[in-house]
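Asker: Chain by chain, the residues:
There are 2 protein chains.
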Amino acid sequence: MKGLVLTAPGRIEIVDLERPKITGSQVLIKLKAAALNKRDQFIREGKYPNIQMNCVLGSDGVGEVVEVATEANGTWKGKNVVINPNMNWGSNPAVQSREYSILGMPSHGTFAEYIAVEDGRIHEVPKHLTPEQAAALPLGGLTAFRACFHHGRIRGGENVLISGFGGGVAQFAFQFALAAGANVFVTSGKQDKLDTALKMGAAGAFNYVEKDWYKNPWQTKGGFDVVIDSAGGDQINNFIKIMRPGGRIVFYGATNGLPGSLDLYRMFWNQLTLQGSTMGNDEEFKEMIDFVSEKKVEPLIDSVRPFEDITSAFDTIAKTTKTGKIVVKF
Amino acid sequence: MKGLVLTAPGRIEIVDLERPKITGSQVLIKLKAAALNKRDQFIREGKYPNIQMNCVLGSDGVGEVVEVATEANGTWKGKNVVINPNMNWGSNPAVQSREYSILGMPSHGTFAEYIAVEDGRIHEVPKHLTPEQAAALPLGGLTAFRACFHHGRIRGGENVLISGFGGGVAQFAFQFALAAGANVFVTSGKQDKLDTALKMGAAGAFNYVEKDWYKNPWQTKGGFDVVIDSAGGDQINNFIKIMRPGGRIVFYGATNGLPGSLDLYRMFWNQLTLQGSTMGNDEEFKEMIDFVSEKKVEPLIDSVRPFEDITSAFDTIAKTTKTGKIVVKF
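Going down the list, the sequences are from chains A and B.
Its first residue numbered 589, the first sequence is counted upward by one per residue in the numbering used here.
Its first residue numbered 589, the second sequence is counted upward by one per residue in the numbering used here.
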């Protein structure tokens, strides 16, 4: 079968690999679609811990179960499934174990024609989604779901700010918060993304390139109960200024680096939370899929291209111009 | 009656005041003991917002109910009570309202022979405590209780680090965490305080004056689930290094100022919480008093002096040499 692997630092190639053999509780999935995450490009660029060569990359995937190893899994055969990319979350629902990893290095991932997966990690594709749409869900959807609900505790009627709208996780955080009945605001540096968010139901959209943009939402909207962020940097102190008392700032990345200070005074007097978050546990993955089905969430797709062109997808994911997920189909 | 007021910026004096008159649901309390908080000295030094002159200072007090305004409050008469120093917490248990203030400016406080208080803010003195001991509880105990249990969610068996042991709140956080069955560690810059903590049951005590002190607890104790801190500053990044995944850093002050950076990367990967906290709601005050009664917590008292010498108590509270609360008796 064909599969995409890192053959040397910085070099990804589609190579011929042996089709995986399944045993025990595994099922064999023939992939229909897969989606990219920044993680994939970070691995290509050598910006990820414990990089290994010759491992199939890719965390997000949807396909048909074509083979099962035990009779008990017979009902899965022929079904389209979406794969939970968690490996070894562990027994503590609050946080991943030391053995935790994400599908697609060190374990073989979804950028291949076939993948062997434990039966506990597959879920039926939500009925309202195509395989391409469903392939966009796993890593971004799970990360957004935990950030929004486990840590952010977003409730209907709350004011929620999603920074960096258009990013793979941010788009889900935006849609999930909307579906939960919150008043959702976004920031972006690009006007077209702000327009997209407003069209999709944002209560407000702010261009963070404008100096003091944050003073406007504060003055006009009464502040935010929850901010979902992945940029970090000095902006965190602006968020602290525009939080309502008891508010929660949840971040799942720090692409702008570390802040030069932190306004602890405002934080303790207003009882604010600054909460780190990453991924989500297996139960949350199931809840996320159920939530997407129930609320009929449709992932934003930036583009779909054939698997053969996946290298160009890696090039695109590094850019800030995309809005939504980049998908490849087989 | 005699009462301590700020007569000019920086100047506190015991003056003659009219005994308060009670109406409605108020009761009149003849004070037996009161305790100081750093807040009192901050007010004296002009380091507190909205300072007003000629207001009786003092947030912590215990006394006997000598007069009630309604028959329904007759059962309170003759009882020794401890006063909840919250004023107008508001309806949201998570965070205080904008109208919130602390007893003892702008409302008349406990540094006087008599005080008028609403009946909803008095609680019977725990049976195992003297009035001097109980007077040490309110502000420090409430702040510690919320930090430990509402925000810190301390459970038995967890590793808890209390920074700055000996401070008015830290001593309660230490004792509450111990009483909850946690393994409690402390830091202090003074060896005699570390010795006191070890004698009282600390699982470990670290002198933060030693460079890299934090590397030892990390290497030998497996890290902390909860840190309770009021110093802030760059030390926060050391705490982040020694937290277990899913750990919570709760701070109720920032006496060392703001940190020069914040390790967001470790925070999100380990799903750490940095949580601001201040005071606690009225329900928590009641729970704190019940907890103290049930667990037979005895506040650490640094010294007790007559009310007439209260100015010297203000001088002492600013110093780092004290261990426990400074109390005045009437």
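Hints listed in this document are in silico derivations from the structure and should not be mistaken for laboratory results.
Be careful, since some hints might not be right.
Listed below are several chain B residues computed to face chain A (Cβ distance under 7 Å; list not exhaustive) [claimed, not checked]:
no., residue
1, 825
2, 861
3, 862
Cross-link-like lysine-lysine pairs, in silico, DSBU-like; alpha carbons within 35 Å at most [to be verified]:
no., chain 1, residue 1, chain 2, residue 2
4, B, 620, A, 829
5, B, 635, A, 799
6, B, 809, A, 799
7, B, 626, A, 803
8, B, 829, A, 829
9, A, 635, B, 635
10, B, 874, A, 635
11, B, 874, A, 829
12, B, 884, A, 829
13, A, 829, B, 803
Far from chain A, by Cβ distances over 12 Å, these chain B residues were calculated [claimed, not checked]:
no., residue
14, 608
15, 656
16, 682
17, 683
18, 842
19, 851
20, 853
All figures in this text were calculated on a predicted structure; none of them were measured in a lab.
Note that beta-carbon positions come from the ideal geometry of N, C-alpha and C, so glycine has one too.
Asker: Take the hints in turn and mark each one as holding or not.
Answerer: Going down the list of hints, with the structure as the test:
1. Against a cut-off of 7 Å between C-beta atoms, the interface hint on residue 825(B) is violated, since the closest Cβ of chain A lies about 9 Å away.
2. Restraint check, residue 861(B) versus chain A: the minimum CB separation of about 5 Å is within 7 Å; hint holds.
3. Hint on residue 862(B) holds. Least Cβ distance to chain A is approximately 4 Å, under the 7 Å limit.
4. Proposed proximity of residue 620(B) and residue 829(A) is contradicted: the alpha carbons are some 43 Å apart, above 35 Å.
5. For the suggested pair residue 635(B) and residue 799(A), the alpha carbons sit about 32 Å apart, so the restraint of at most 35 Å is met.
6. Taking the CA atoms of residue 809(B) and residue 799(A), the gap is about 46 Å. The hint is violated against a cut of 35 Å.
7. Pair hint residue 626(B) plus residue 803(A) holds up; C-alpha atoms about 33 Å apart against a cutoff of 35 Å.
8. With a CA separation close to 27 Å, the supplied pair residue 829(B) and residue 829(A) stays within the 35 Å bound.
9. Between residue 635(A) and residue 635(B) the alpha-carbon distance is near 47 Å, which puts this suggested pair outside the 35 Å criterion.
10. Annotation: proposed proximity of residue 874(B) to residue 635(A) is violated, straight-line Cα distance about 52 Å (limit 35 Å).
11. At roughly 32 Å between alpha-carbon atoms, residue 874(B) and residue 829(A) fall within 35 Å of each other, so this suggested pair holds.
12. Of the supplied pair hints, the one linking residue 884(B) and residue 829(A) is violated, its CA atoms being roughly 41 Å apart against a limit of 35 Å.
13. Between the alpha carbons of residue 829(A) and residue 803(B) the distance comes to roughly 34 Å, so the proposed pair stays at or under 35 Å and holds.
14. Every beta carbon of chain A lies more than 12 Å from that of residue 608(B), the smallest distance being close to 29 Å; the non-interface claim holds.
15. Even its closest Cβ contact with chain A, about 35 Å, leaves residue 656(B) beyond 12 Å, as expected for a residue assigned away from the interface.
16. Some Cβ of chain A comes within 12 Å of the Cβ of residue 682(B); the nearest lies about 4 Å off, and the non-interface call is violated.
17. Annotated as non-interface, residue 683(B) brings its C-beta within 12 Å of a C-beta of chain A; the closest such distance is 4 Å.
18. With a minimum CB-CB distance of about 4 Å to chain A, residue 842(B) fails to clear the 12 Å threshold, and the non-interface call is violated.
19. With a minimum CB-CB distance of about 7 Å to chain A, residue 851(B) fails to clear the 12 Å threshold, and the non-interface call is violated.
20. Look at residue 853(B): its CB is around 6 Å from the nearest CB on chain A, not clear of 12 Å, so calling it non-interface is violated.
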